[in-house]
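Colleague: We have chain A; now place chain B onto it with these hints.
Top line first, the protein sequences correspond to chains A and B. First residue of the first sequence? That's 70 in this note's numbering, and the numbers climb one at a time after it. First residue of the second sequence? That's 4 in this note's numbering, and the numbers climb one at a time after it.
Hints are all accurate, no fakes.
Interface residues of chain B toward chain A, partial, derived using beta-carbon atoms under 7 Å:
id, residue
1, Arg-163
2, Ala-251
3, Thr-341
4, Asp-432
5, Gly-433
6, Gln-495
With beta-carbon atoms standing in for the labels, derived distance ranges:
id, chain 1, residue 1, chain 2, residue 2, range
7, B, Thr-236, A, Asp-385, 24 to 32 Å
8, B, His-276, A, Arg-146, 29 to 37 Å
9, A, Gly-383, B, His-276, 43 to 51 Å
10, B, Ser-299, A, Arg-269, 24 to 32 Å
11, A, Arg-299, B, Lys-418, 53 to 61 Å
12, B, Asp-329, A, Glu-247, 38 to 46 Å
13, A, Tyr-298, B, Thr-75, 58 to 66 Å
14, B, Ala-522, A, Arg-373, 52 to 60 Å
15, A, Gly-345, B, Leu-358, 54 to 62 Å
16, B, His-276, A, Lys-246, 17 to 25 Å
Bear in mind the hints are in silico, worked out from the structure with no lab data behind them. No residue lacks a Cβ here, since even glycine has one placed at the ideal position from N, Cα and C.
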Amino acid sequence: MQNHDQSRQLQEQLQRCFSHKSAVVVRGGGSKDFYGRQQSADLEPFDVSAHRGIVNYEPTELIITARAGTPINEISRVLAEAGQCLPFDPPELGGVATVGGTLACGFSGPSRPYAGSARDYILGAHVLNGKGEYLRVGGEVMKNVAGYDVSRLMVGAIGTLGVILQASLKVLPSAEKETTLIFHFERDSALDFMNDLAGRPLPVNASCFYGDLVFVRLSGTEAGIDSAYRSLGGERLPSTDKIWSSLREFEHPFFQSDLPLWRISLPALAKPELPGEVFIDWGGAQWWLHSDADADEIRIATERCGGHATLFRGGDRTSEVFHPLPPAMQAMQERIRASFDPERILNPGRLTSER
Amino acid sequence: MPSNNFGFSDLRNISCFVSWVSFRHNRRAGMWLMGTRPAQFKKLTIIMSTSTQTNDKRNRLILKLKGFLPTTCILLQDQELVPYECDGLSAYRQRPMLVVLPENVDQVVQVLQVCSETGVPVVARGAGTGLSGGALPLEDGVLLVLAKFNQILELDPMRRIARVQPGVRNLAISEAADPHALYYAPDPSSQIACSIGGNVAENSGGVHCLKYGLTVHNVLQLKIVTIDGELLTIGSEGLDSPGYDLLAVLNGSEGMLGVVVEVTVKLLPKPEHTSLVLAAFDDIEAAGAAVGGVISAGIIPAGLEMMDNFAIRATEDFAQCGYPVDSAAILLCEVDGTEADVSAQISKIESVMTLHGATEVRVAQDEAERLLFWKGRKMAFPAMGRISPDYYCIDGTIPRSQLPMVLRKMNQWSKQFDLRVANVFHAGDGNLHPLILFDANKPGELERTEDFAAKILDLCVEVGGTITGEHGVGIEKINQMCSQFNREEISQFHALKHAFDPAGLLNPGKAIPTLQRCAEYGAMHVHNGKLPFPELERF
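Pulled out of the complex, with its shape left as it was, chain A reads as follows (with noise of 0.2 Å):
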């Protein structure tokens, strides 16, 4: 395993770019390069890919510290050896997929509604904020309440208040076992399915449905699933199949359109007609949809149900690809972008366009 400290090395050159005020991409793996709106050609490049490594991991902690370079793949195969997992099931997007870009973008897998998201897991982070300076932030135990969140609140920042240099995240066993039951329903009994799947007492740890086909993860000890087979039924899938990794690498033949690619947030229970075709995951709480319907129609219908809309993949990226947020929310994120980042050096134009 590679094993880079550049933080010196980092922070030097950010604080150079901010006494030039000049701004900065922020890049890890380059595997989300699609994600967020299109930015300026000339910005100067921050390669985060070289600083690299695990900084500790002791199994019994369940905590593990890495290097914002280091690969998912490579968290994921040390955490394997020691019989534990990241439980929010990041894509490794072909083994590119850094710490530091998941937890910028805050991706999290299938089973992300029964086992939370990549923001549950953050414990601590070290920070560059927009001046350069070098922050420790969060901690390495499990229960911390001294300071403000901070390295929670980097979680979907998309580098825009600060570069993740290393990050403490929080890592569970991995399961016994896992098992996964199929069902068929039309879509409106599908989600109703889904949605008292999660209230009830059961080891459901992912949930997804597409075309006729309700897919059901089970994940426990064997005796759990074996008894929760027997409560709920289905037909098992056999286990060579590649459903869940398929949807969360986004490798589904799904994901094979050219149309745009947008995610729908909703709440439970939400049913909104969207033009176009869906693929809906979380137990009905995130939609897929291919479509290159107008954005104010689908963000309409999505809003309509409380939920939200983003330009995930494709599209006119040039435009708002994240929800627009009502004015006071917006002014109050700007003030707090200002905050970290009074030049507005990183990442500029990522989140929202620059006003």
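Modeller: For chain B alone, kept in the frame of chain A given last:
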């Protein structure tokens, strides 16, 4: 679901002792600060400022408040203000300029607008059970009490959410959800009395947080009012929302960023089955190692608590729960899930305990026995109160692997300081609550206790832990923040607060120390290996 909680009266008992000692701590800090102690440290009696200027300001404020608040919602008289002069940290007392008890969100908005316009600081208060003085009033400030916001607005078993007002008690949510076989997971010890708004402010945990998370993991949406009187919705009923994750910073922000007026929490299905193992050890380090053993076996217990011999004896005398009194330590390890899952895990736990040298392993045979095993743990604090005139409870978190070493050190120091220490703590997540027993009437004993406690907290930070696992910084640990964070980090915290509250009117002086205070405290974070254990990472 177990409710591993102390009764409210016990909690008050604890906080009383804790805060008393802490007050002494700060008196000492005050001496180091050489007269720069802020006004809220003064133990005031009935002295209200009599300066004309202050009175004018107060009168103008009252006049404005009376424009939209019923007179019954404004408390002005000394005898009305007395009950509000402290929270659970009762040795810090300060009578506020006045107390307001708004009845609806619109009134909260107007209170904050008026305070913002007139430059009057505001401290929000829920049930007042906090243990770090987060709701300590300010002499020249308004205490904004949210006690009248006590309604559960919506509880939907289908969507598994509860939308509640901030003054609703933590336990009341689970009670309301119970008929639907649902519950709200975070269960701080004070859950019978503490309010959900306060839980958000403190990011409260509980016995089950290793498995089920803290408040931040269980809150979906907040409505807050900013100091400018702007009502903002943060989060959503879905699993995420666009923009920065402000739920992350609001939870645990100790009332510094906004006033919470509505909370939407997620409800979880109650586990089908719960079971408890009691394991006894004749060596406390073996018990500590067994905690790691359980985790290594791939088990995440719903609760994992440890008690040492001293705590065992005291509680057995007090509660007669059948604890093995000759053991050096016991572990209480609870698992929940489906019946099949639980029985598989229980047999694994039994063998892990035996493997780590347990002298006795008992599985609670029925619900009555399970509750009996928990009873001792729940009675541990009052049991200490019976055998010692005073005790000091510490709230630090350490990496779990350091548990045996930290326990050994504490036992060494216990002899060195000639003070008994009882260990009762959340072993599963490394959150220590050592109780130092002392008698304040014996000359020198309090000072020795202070030194002992300081050594334990230092050790927590040195081994990579934190100064507060769950009680918050408030006013109590404001100086210790300077040891855990450096100048840039503290400045960043202030900048973040400034984004929400540019004039610094929300709960000023709490949670984040000023740089000046840290400089005077003289304990700024030292880099490049000048601290003990330089090889250890610090955050």
